[in-house]
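Going by numbering that gives the first Met the number 0, the sequence shown opens with residue 0, and the numbers climb by one from there.
Keep in mind that the hints were calculated from the coordinates and are not lab data.
Since this is a predicted model, take the numbers as computed values, not measurements.
We put the CB at the ideal spot given by N, CA and C, even for glycine.
The calculated lysine-lysine pairs, modelled on BS3-like cross-linking and capped at a C-alpha distance of 25 Å, are:
1) Lys-46 with Lys-64
2) Lys-164 with Lys-216
3) Lys-46 with Lys-80
4) Lys-80 with Lys-216
5) Lys-171 with Lys-216
6) Lys-164 with Lys-80
Just the calculated beta-carbon pair ranges, DEER-fashion:
7) Met-0 with Phe-117: 42 to 52 Å
8) Glu-121 with Val-141: 30 to 40 Å
9) Glu-196 with Gly-89: 22 to 32 Å
10) Glu-170 with Glu-196: 17 to 27 Å
11) Thr-193 with Arg-1: 52 to 62 Å
12) Glu-107 with Ile-72: 46 to 56 Å
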Amino acid sequence: MRLREETDYPFDGSIRTQIDAIENETNALDFTLYLRVPQWAGSFECKLNGETISLVPENGYLPMKRVFRAGDIIELVLPLKPRLQIEASGGCTVRVGALLLALPVQSERRVLRGEPPFADYEFLPCSNWRFAVDPNELSSAVIERRSPGKTPFADDSPPLVLRLKMAPVPEKNWPMVRHSAGPVPPPFAAAPETYTEQTLIPYGCARLRIAQFPIVKIEEEK
Numbered sequence: 000m001r002l003r004e005e006t007d008y009p010f011d012g013s014i015r016t017q018i019d020a021i022e023n024e025t026n027a028l029d030f031t032l033y034l035r036v037p038q039w040a041g042s043f044e045c046k047l048n049g050e051t052i053s054l055v056p057e058n059g060y061l062p063m064k065r066v067f068r069a070g071d072i073i074e075l076v077l078p079l080k081p082r083l084q085i086e087a088s089g090g091c092t093v094r095v096g097a098l099l100l101a102l103p104v105q106s107e108r109r110v111l112r113g114e115p116p117f118a119d120y121e122f123l124p125c126s127n128w129r130f131a132v133d134p135n136e137l138s139s140a141v142i143e144r145r146s147p148g149k150t151p152f153a154d155d156s157p158p159l160v161l162r163l164k165m166a167p168v169p170e171k172n173w174p175m176v177r178h179s180a181g182p183v184p185p186p187f188a189a190a191p192e193t194y195t196e197q198t199l200i201p202y203g204c205a206r207l208r209i210a211q212f213p214i215v216k217i218e219e220e221k
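Generate coordinates for the entire structure from the input sequences, incorporating the hints supplied.
Structure, rendered in C-alpha cells:
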C-alpha cells in the first residue's frame with residue numbers, strides 16, 4: 000500500500016490522505032486506519048471520498064475500519080481557534096492548534112565581541128512588548144493564513160498570524176530584570192478604550208519575542 004498525505008499542518012487544520020496504490024490482486028484491503036486527533040482539538044470533521052462520516056475517538060485516535068481501495072481520499076479537518084492556556088506563573092499563553100504564538104519585538108542588533116559574520120551579538124528591544132490579554136477579545140480575534148514557503152518559520156513571512164486587541168501594561172508593572180522581561184505581573188483591570196490591535200505569530204518565527212502575557216481581570220457583573 001502507498002499513501003500520500005497533503006497538509007500545511009500545523010498552520011492549517013486540514014489533512015488530506017490519499018491511498019495511491021494497494022498492491023494486491025483486488026486493489027483493496029480490509030484494515031483499520033488510525034487518525035490522530037490532538038487533545039487541543041475540541042471537535043473535528045472527517046470525510047471519506049467527500050462524504051462526512053461519523054467516527055468515535057478512542058484514546059486520541061479515530062479508528063476507521065473498512066475495506067479501503069486505491070483512490071480513496073480521507074480528509075480530517077481540525078478547527079484552528081485561538082485559545083488561552085494558563086501557565087504556572089499566573090500568566091497565559093495564546094495558542095492556535097498546535098502552535099504557540101508570540102508577540103514579535105522589533106530589535107536592534109549590536110556586536111558584543113568578534114567580527115561578523117562570526118561575532119557574538121545582542122538584540123535590544125526597540126518596540127513596546129508590554130501587553131496583556133483580555134480573554135473576552137479572543138472571540139473577535141482574526142486568523143490570517145498564507146501558504147508556507149521553503150522556510151515555514153521565517154520571520155518575514157509567517158504562514159499564520161493572529162490579530163488580537165491587547166491591553167497595554169504600564170512599564171512600572173512589568174519592569175526589565177537582568178536585561179530581560181521580568182516576571183509576568185498578576186491580573187489587573189484595564190480600560191477597553193486603551194486596547195490596540197497587535198499581531199501574534201508562531202513562536203519559531205520571531206527572533207525576539209514575548210510569549211507569556213498578563214491577564215486582564217474580568218470584572219463580574221453586579
